[in-house]
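Following the hints, put chain S in place on chain W, whose structure we already have.
So the sequence lines, in the order shown, correspond to chains W and S. Those letters in the first sequence? Residues 1 to 398, per the working numbering, in order. Those letters in the second sequence? Residues 1 to 285, per the working numbering, in order.
Don't take every hint at face value.
Stated by the list, open to error - Partner residues aside, some chain S positions facing chain W, computed with beta carbon under 10 Å:
1) R122
2) S128
3) L205
4) N211
If you are wondering where the hints come from, they were derived from the structure by calculation, not from laboratory data. From the three backbone atoms N, C-alpha and C, an ideal C-beta is built for every residue, glycine too.
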Amino acid sequence: MAISRRDVLLGSAGALGAATFSFPKPALAQSEPIKIGCLAAMTGPSSAPTIGFNRGVNFAVDAINAAGGVKGRKIEAIIRDTQGDPTKAVNATQELISQAKVHAIWGPLNSGEALATTPIMARAKIPDIHPCVVESLIDPAKFPNAFRMAPSNSQWDDAVRNYCLNILKVKKVAVIGDTTGYGVTAVGASVTAFKKDGADVVYQANIDSTQPDMTPDMLRAKNAGAEVIVVWSVSTGMEARMFNTRAAMNWDVSFVGHPSMASGELAGLVEKPANWKKVYAIGYKSCSYDAAGKLPAKSQDLVDRLVKANVVLNDTLLWWIAGGIDAIELIAKGVAESGSTDSEGIIKYWNTLSKYPGYFGNYTFTPTQHNGYPTEEIVMSEASTAKNGTFALAPGYT
Amino acid sequence: MLASILASGLAAGAIYALVGVTYNTMFSTSRVMSFTAGQLAMLGGVFGSMFTLKMGMPILVGFLLTLLGCAIIGVITEFVAVRPVLKSLDQHLYVLSTLALALMIQQVAAIKWGTEPQPFPRLVGWGSGVFDEKFWLPVVACAITIIGLEYLYRRTLVGRAFMAIAEDNFAARALGLPERDLRVASYALAGVIGGVAGFSGGELLLAFFANGALLNFYGFVPVALGGLGNNRGAIIGGIALGLFQQAANFLVGGIFSSVAVFTLFIVVLLAAPQGLFGAATARRV
Chain W
1 MAISRRDVLL GSAGALGAAT FSFPKPALAQ SEPIKIGCLA AMTGPSSAPT
51 IGFNRGVNFA VDAINAAGGV KGRKIEAIIR DTQGDPTKAV NATQELISQA
101 KVHAIWGPLN SGEALATTPI MARAKIPDIH PCVVESLIDP AKFPNAFRMA
151 PSNSQWDDAV RNYCLNILKV KKVAVIGDTT GYGVTAVGAS VTAFKKDGAD
201 VVYQANIDST QPDMTPDMLR AKNAGAEVIV VWSVSTGMEA RMFNTRAAMN
251 WDVSFVGHPS MASGELAGLV EKPANWKKVY AIGYKSCSYD AAGKLPAKSQ
301 DLVDRLVKAN VVLNDTLLWW IAGGIDAIEL IAKGVAESGS TDSEGIIKYW
351 NTLSKYPGYF GNYTFTPTQH NGYPTEEIVM SEASTAKNGT FALAPGYT
Chain S
1 MLASILASGL AAGAIYALVG VTYNTMFSTS RVMSFTAGQL AMLGGVFGSM
51 FTLKMGMPIL VGFLLTLLGC AIIGVITEFV AVRPVLKSLD QHLYVLSTLA
101 LALMIQQVAA IKWGTEPQPF PRLVGWGSGV FDEKFWLPVV ACAITIIGLE
151 YLYRRTLVGR AFMAIAEDNF AARALGLPER DLRVASYALA GVIGGVAGFS
201 GGELLLAFFA NGALLNFYGF VPVALGGLGN NRGAIIGGIA LGLFQQAANF
251 LVGGIFSSVA VFTLFIVVLL AAPQGLFGAA TARRV
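Chain W on its own, in the form it takes in the complex (with noise of 0.2 Å):
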């Protein structure tokens, strides 16, 4: 059959006319993955806490993969090594938001590279949610899409100072960190802290971590009355010093402090067991077990499954693991609730989130309140207690 001009002109016009009509585009965006990105600090010094969540992102994301997806959509998560490096994150962050094509960022997962990527993000305006202490990363007015699902710095000061002076009701206490720019910051805040709260700061010190010997700052603190030591360092060389100089100086006074006084590297460091005894180290609820040894039940629950799925817990953390899963949980959730995978609707929906309950904890977060973990659940462990990443609860807690 000859096609003649007309026919060919009717047919452009009408395939224009078509054109014009607004089709249903689902048909790709439906059936997409939801991309998630990760910046993860999988190697290099940082990577302990990264290996951990790690676990906790692939086990969430098999999870709800092998369950359907999220309304049919696969998630698909990203991975991005930043070697705790913050130029490396900062390339990472462009890459997965222009390249990638992520629709939500778990991470960085740690401070130095979240203070490099936070402005990019929020330039995106990419949903981001991350386990960074440094309190300035959050800041709903500069930054929207920025969610923190752990404590802060101060919530940590705040734990430790309300086991100290209403659980162990001591008065008289030693501060004593390191100096890194870490170690003199959170001396700083804690000490002003303890004193507004009526406590007698007898003794403040930061101390050079690779100090061979500890006894000149442990004698002055017992000299200075000191009742308890409040310890704000991540060296755990240093600790062991300080806990093995204790033993020397036949003193019992107990250490309160950071998380990495109970990091597992203390038990060769220590030079008998008993020296670790006594030392209480920054905790979560949901991932320490009681006097009878028993975990809370959804805390149980999830190292059940955690176990049957062959997720290694003996040389982790529990609650690196739970926040790992609570992120993409959280993120699935956003994009299931607000029917896609724009930036605005999830971060709509996290806004709105009160009590959510996750494995590490049941966040909240309101337009203008991005710290989204409760103060209440952050408890003291007894630090030399581990057992599959979780820890016994300090003495004084029911």
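Same frame as chain W, but now just chain S:
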């Protein structure tokens, strides 16, 4: 308090002194201040812990393998960071090359070994309190090393050849001494001395990658105080530094003790730029 100052001061001082001797040993045959000295001591602790605790070897075997490992790193230093810049010593390119290698060693140690301090085994099991072996072992190691070096330099042909190279490189070469081989050997020896420092001080400093930078600084102070190339000066400077540092720790506290150490260092150098035991260099005219 005095006993504590003496115990920890002498121990730390002995380690600093050994690192100072490591600097001097490398300097004597090459005229290069190699900033890998502290890293060699750091590796002494890391290798020691790795061979004995991680790999479960007997202490003596672990010790010998540690010394071998450190000697190899010493030789690598000579090949990689020293030899290529020897022709332009006056441009001080060795500062850059040895610092770069030191950083590489530190980073590799951090990645492979980890960034947290690791335990170091008890070596002898004698003593407690201020007489604990972690305090006296570095002092004994320092004394044995000095006696060994004195014997080597004064009683053996190889030692005398080292001295000849250190005294006058060109004259020694003119006499037919294998200058290059002797330089390599002196870097291996420096590696061994650094290894001894790290191994004997392992219980005090732990097996920790960041010890390298610390020992680079504190090991350099006795060299500057005692006079470049002067081992006796380095020993006295090291012990004095350790005691002063620990006394300052007790009296003024951790951060201020570092300030006190470097204030004293600057004052001494202003008063005696060639070091307390060094002779002013004569310049040929």
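Hints and how they fare:
Because the smallest distance between the Cβ of R122(S) and any Cβ of chain W comes to about 9 Å, under 10 Å, the interface hint for this residue holds. Satisfaction of the interface hint for S128(S) is found here, the shortest Cβ-Cβ separation to chain W being roughly 8 Å, below the 10 Å cut-off. Among the interface hints, the one on L205(S) holds; its C-beta lies about 6 Å from the nearest C-beta in chain W, closer than the 10 Å criterion. The beta carbon of N211(S) comes within 7 Å of a beta carbon in chain W, closer than 10 Å, and the hint placing it at the interface holds.
The structure is consistent with each of the numbered hints, conforming to all of them.
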